[in-house]
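Enquirer: Based on these hints, arrange chain X on the given structure of chain F.
From first to last, the protein sequence lines stand for chains F and X. Here the first sequence stands for residues 103 to 310, where the numbers follow the numbering used here. Here the second sequence stands for residues 126 to 323, where the numbers follow the numbering used here.
These are calculated hints, taken from the structure and not from any lab test. For each residue, glycine too, the CB sits at the ideal point set by N, CA and C. Where hints are given, some of them may not hold.
Far from chain X by the CB rule (all over 10 Å, computed), these chain F residues [what the hints assert, rightly or not]:
#1 Y134
#2 A195
#3 L214
#4 V249
#5 G261
#6 R279
Which residues of chain X face chain F? A few of them, derived with a C-beta cut under 10 Å, are [said to hold, decoys possible]:
#7 F199
#8 L232
#9 F236
#10 A275
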Amino acid sequence: MVKGWGGAALIFMLGAGPVAAHSPVPGMAGFYLGLLHPFSAPPQALLMLGLGLLMGPFEGRKIQLLLGGFLIASLAGLVFAHNAEQIDSAMFALAFCTCTIAALLPGRILPLALLIAALGGGLIGADSIPDAGPARDRFFTMSGSIVGANIGLLYLWAGMHWVRKRFAADWVAIAFRVAAAWGAAIALLMVALKFAEAAPWASALARL
Amino acid sequence: MAQHRMVSFLAAVLLVLGVAMPAFAHSTVAYGGGFGAGLAHPILGWDHVAAMVAVGLWGAFLGKPAIWILPVVFPLIMAFGAVAGILGIPVPAVETGIALSAVVLGLMVVFAVKPPIWISAAIVGGFAVFHGYAHGTELPATVNAFAYAAGFVIATGGLHLIGIGFGQLVKWPSGRVAVRGAGGLISLAGMAFLLGVA
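In isolation and in its complexed conformation, chain F is listed as follows (with noise of 0.2 Å):
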């Protein structure tokens, strides 16, 4: 039966046909670059991971509650979010907010947790934006980035609850807040950094 379906899988392979370097469709470049852009941009990615971690412990109707605020938030970010300047510093804050919250109240407090989610899907949707360019590539990239940002939350939580699901020893646990203090601790220097730079009257300030 294996060697059934591997000799298909290897003769499905040798008859495969050339790869096109550009995409298909005009414009959909932009779409594939905005389906990365929540994991390549630092902000994004690490509230994204963030917002993983603080999930990972809900289930059920919970998650669907947590999911679809993110997802509502996201694209509500995307269509009335303008003039986003200091967005960066704002996702880094709340990365911080919400790895602390997942190393030391992982899967509590569901009204919080859906607080940050509707934030982060905000601020998330907000930084989606592109810059000037034809609206058609832009609306493909806009699509991308909340298609990405939202289907890439859904695996994050579904890694991290099979992981836990998978594993039940209670160092899997453990892992998970030990990351999200790490995350906490990465995303609060960034914080310090941004503000360092916006502000070096502040440095300056604290010298004295």
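Expert: Just chain X now, with coordinates in the frame of chain F:
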């Protein structure tokens, strides 16, 4: 049986880490260079290494919930120390604090001190400020800050895990002796750093 396999696995991990040769993939630029610089920073400072391992060791020695509280509290508080370093807020006697952390945490393990969880978290958190401050002030200006931060936080966590892994030996009588002996070595190393001998 599962515990025996876990100990064997951890011992194998430690062995691999111990004999690993340096990997020279590419030079130190952009994300790779920043991450490498951050990763190396705690590891190249033996005072950092001793204290980080001691945190994991003491957490494993204390058992639940300290085994997760201490490795969680340390990076969080360390980040505040790093923020102080980045902003240039003066913190006195940083190197003394780092050396003292190895001495105190090592002694905690040697004498099997088991204070209330909030006290152990406060001790670990207090010393974490010094370690974070050192990392923050020594942030190279030329590397990617995000990658550097990720590198040194992950390296710190990895050292904690080594301590926790070794600390699992407390389940056996001879293991408890080994763990407390390791605490003694860490404490002696801290004294050497404090006195300027090492």
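Enquirer: Tell me the hint numbers this structure goes against, listed in increasing order.
Expert: 6, 8 and 9
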